[in-house]
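A.B. asks: So you can see what is in the structure, the chains are spelled out below.
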Amino acid sequence: RKEVEQDPGPFNVPEGATVAFNCTYSNSASQSFFWYRQDCRKEPKLLMSVYSSGNEDGRFTAQLNRASQYISLLIRDSKLSDSATYLCVVNADRYSSASKIIFGSGTRLSIRP
Amino acid sequence: EPEVTQTPSHQVTQMGQEVILRCVPISNHLYFYWYRQILGQKVEFLVSFYNNEISEKSEIFDDQFSVERPDGSNFTLKIRSTKLEDSAMYFCASSESRLAGGPGANVLTFGAGSRLTVL
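Chains A and B supply the protein sequences, listed in that same order. Take the first sequence: its position 43, counting from 1, is numbered 43 in the numbering used here, and each next residue is one higher. Take the second sequence: its position 7, counting from 1, is numbered 7 in the numbering used here, and each next residue is one higher.
Next up, chain A with everything else stripped away, as it sits in the complex (with noise of 0.2 Å):
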């Protein structure tokens, strides 16, 4: 099993739909969790932290199952401007050990109009 694993999309759905992707992780102890977003060609931007409650910022809601080992991030009333990647990031690490902190490959959404 990857340690951290995405489905690549793409996600194609129109103007104002609701998308919900997850993302899986192997180690049951890592600690933090998050989604950040990737435009095509750009650096990574924190989109948001992925708290065991389950959290909200407006349009988009995160939540983490620690017994099945996934976060998810739902995306409501999406937008043209929500095109892009969303990369699952995982920190297997209390100590925080860098090279703890994996990456996925990416869920790529497109909205179209």
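Don't read these hints as lab results, they were simulated from the structure. The reader is advised that the hints may include incorrect statements.
In silico BS3-like pairs for lysine-lysine, Cα to Cα no more than 25 Å straight-line [to be verified]: (1) Lys83(B) with Lys42(A); (2) Lys83(B) with Lys42(B); (3) Lys78(B) with Lys42(A); (4) Lys57(B) with Lys78(B); (5) Lys42(B) with Lys2(A); (6) Lys42(A) with Lys42(B); (7) Lys42(B) with Lys57(B); (8) Lys79(A) with Lys42(A); (9) Lys57(B) with Lys83(B); (10) Lys2(A) with Lys45(A); (11) Lys45(A) with Lys57(B); (12) Lys42(A) with Lys57(B); (13) Lys57(B) with Lys2(A).
On a predicted model such as this, the values are computed, not experimentally measured, just so you know.
Put chain B on the given structure of chain A with help from the hints.
C.D. replies: Chain B only, in chain A's frame:
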């Protein structure tokens, strides 16, 4: 909003040549990193740097690579003798403190990247 700046944005070089990529981390950040992303692939960790020394490095970061903080602001990645497979986007990142796990963990702020093309 403070940002990490990188130069050059794109460099084309011949195989075997030395390349230096430069980064200016966010001024109050203490931890610096280099990552690379080969086109179409995932972001991979190369090296982390703190207190003027390497904290960690990955298997990718072999003897051809080195990092330096020559002054109070720049953080550089040098590739001594480039290979074709070094062609990638190189991202510098910084964080305010250690990337500890757990709630409220510090996050990485990335620069816009330097695209290296080795011919």
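A.B. asks: All the hints need checking, so say for each whether the structure fits it.
C.D. replies: We went through each hint and held it up to the structure:
1. Lys83(B) with Lys42(A): Holds, at roughly 23 Å.
2. Lys83(B) with Lys42(B): Roughly 19 Å separates the two Cα atoms, so the pair holds.
3. Lys78(B) with Lys42(A): Holds. Lys78(B) to Lys42(A) sits at ~21 Å (cutoff 25 Å).
4. Lys57(B) with Lys78(B): holds, 14 Å
5. Lys42(B) with Lys2(A): At roughly 13 Å apart (the allowed maximum being 25 Å), Lys2(A) and Lys42(B) satisfy the hint.
6. Lys42(A) with Lys42(B): Satisfied, since the Cα-Cα distance of roughly 13 Å is no more than 25 Å.
7. Lys42(B) with Lys57(B): Between Lys42(B) and Lys57(B) the Cα gap is close to 17 Å, so the pair holds against 25 Å.
8. Lys79(A) with Lys42(A): holds, 19 Å
9. Lys57(B) with Lys83(B): holds, 19 Å
10. Lys2(A) with Lys45(A): holds, 23 Å
11. Lys45(A) with Lys57(B): holds, 22 Å
12. Lys42(A) with Lys57(B): holds, 24 Å
13. Lys57(B) with Lys2(A): holds, 21 Å
Violated hints for the displayed structure: none, as all numbered hints are satisfied.
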